[in-house]
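Please put together the full structure from these sequences, using the hints given.
Residue numbering for the sequence shown follows UniProt numbering, starting at 1 and increasing by one per position.
A couple of the hints might just be wrong.
Said to hold, decoys possible - Cβ-Cβ distance ranges computed for the label pairs, FRET-style:
hint	residue 1	residue 2	range
1	A55	V21	38 to 44 angstroms
2	I8	I76	56 to 62 angstroms
3	L54	A12	28 to 34 angstroms
4	G66	V10	28 to 34 angstroms
5	G38	L73	53 to 59 angstroms
6	A68	K17	50 to 56 angstroms
7	K18	Y42	18 to 24 angstroms
8	A53	S32	33 to 39 angstroms
9	V10	D56	32 to 38 angstroms
10	A57	A12	34 to 40 angstroms
11	D16	G45	21 to 27 angstroms
Said to hold, decoys possible - In silico DMTMM-like cross-links for lysine to aspartate or glutamate, where the CA-CA straight-line distance does not exceed 25 angstroms:
hint	residue 1	residue 2
12	K59	D48
13	K18	E33
14	K59	D71
15	K17	D28
16	K26	D48
17	K59	D70
18	K59	D74
Since the hints were derived computationally from the structure, they do not count as laboratory data.
All of these numbers come straight from a predicted model, not from anything done at the bench.
Glycine is no exception: its CB is placed at the ideal position from the N, C-alpha and C atoms.
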Amino acid sequence: MASAVQRIVVQASAQDKKSIVAKAKKLDIPMSELMRRGAFAYQSGEADAALGALADAAKAAAERAGAAIDDALDCIEASNRRIAAMEARHASGKVA
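Structural data, given as structure tokens:
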């Protein structure tokens, strides 16, 4: 086994340390080997899936916001046309 060249300090509660030490003894490996194996075996698949779902939700929200902005701009344009028509009628003296 290669000798250690760097030290990594891991903070743990007293109970967590007891559990880790017990697991290393049960597996008959040094605690540092157990910690290395655990670190390399860790997969963040759940986090990746959650981030993917969050990204999908953000994209859908952005699309809904864009559609709402388009609808608001259409309403503003229609309102501006009505105002322009009323102003034109007023200017021509044909006020209803």
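Hint check results:
no.	hint	in the structure
1	A55 x V21: 38 to 44 angstroms	holds, 40 angstroms
2	I8 x I76: 56 to 62 angstroms	holds, 60 angstroms
3	L54 x A12: 28 to 34 angstroms	holds, 30 angstroms
4	G66 x V10: 28 to 34 angstroms	violated, 46 angstroms
5	G38 x L73: 53 to 59 angstroms	holds, 55 angstroms
6	A68 x K17: 50 to 56 angstroms	holds, 54 angstroms
7	K18 x Y42: 18 to 24 angstroms	holds, 21 angstroms
8	A53 x S32: 33 to 39 angstroms	holds, 36 angstroms
9	V10 x D56: 32 to 38 angstroms	holds, 35 angstroms
10	A57 x A12: 34 to 40 angstroms	holds, 35 angstroms
11	D16 x G45: 21 to 27 angstroms	holds, 23 angstroms
12	K59 x D48	holds, 16 angstroms
13	K18 x E33	holds, 16 angstroms
14	K59 x D71	holds, 18 angstroms
15	K17 x D28	holds, 16 angstroms
16	K26 x D48	violated, 32 angstroms
17	K59 x D70	holds, 17 angstroms
18	K59 x D74	holds, 23 angstroms
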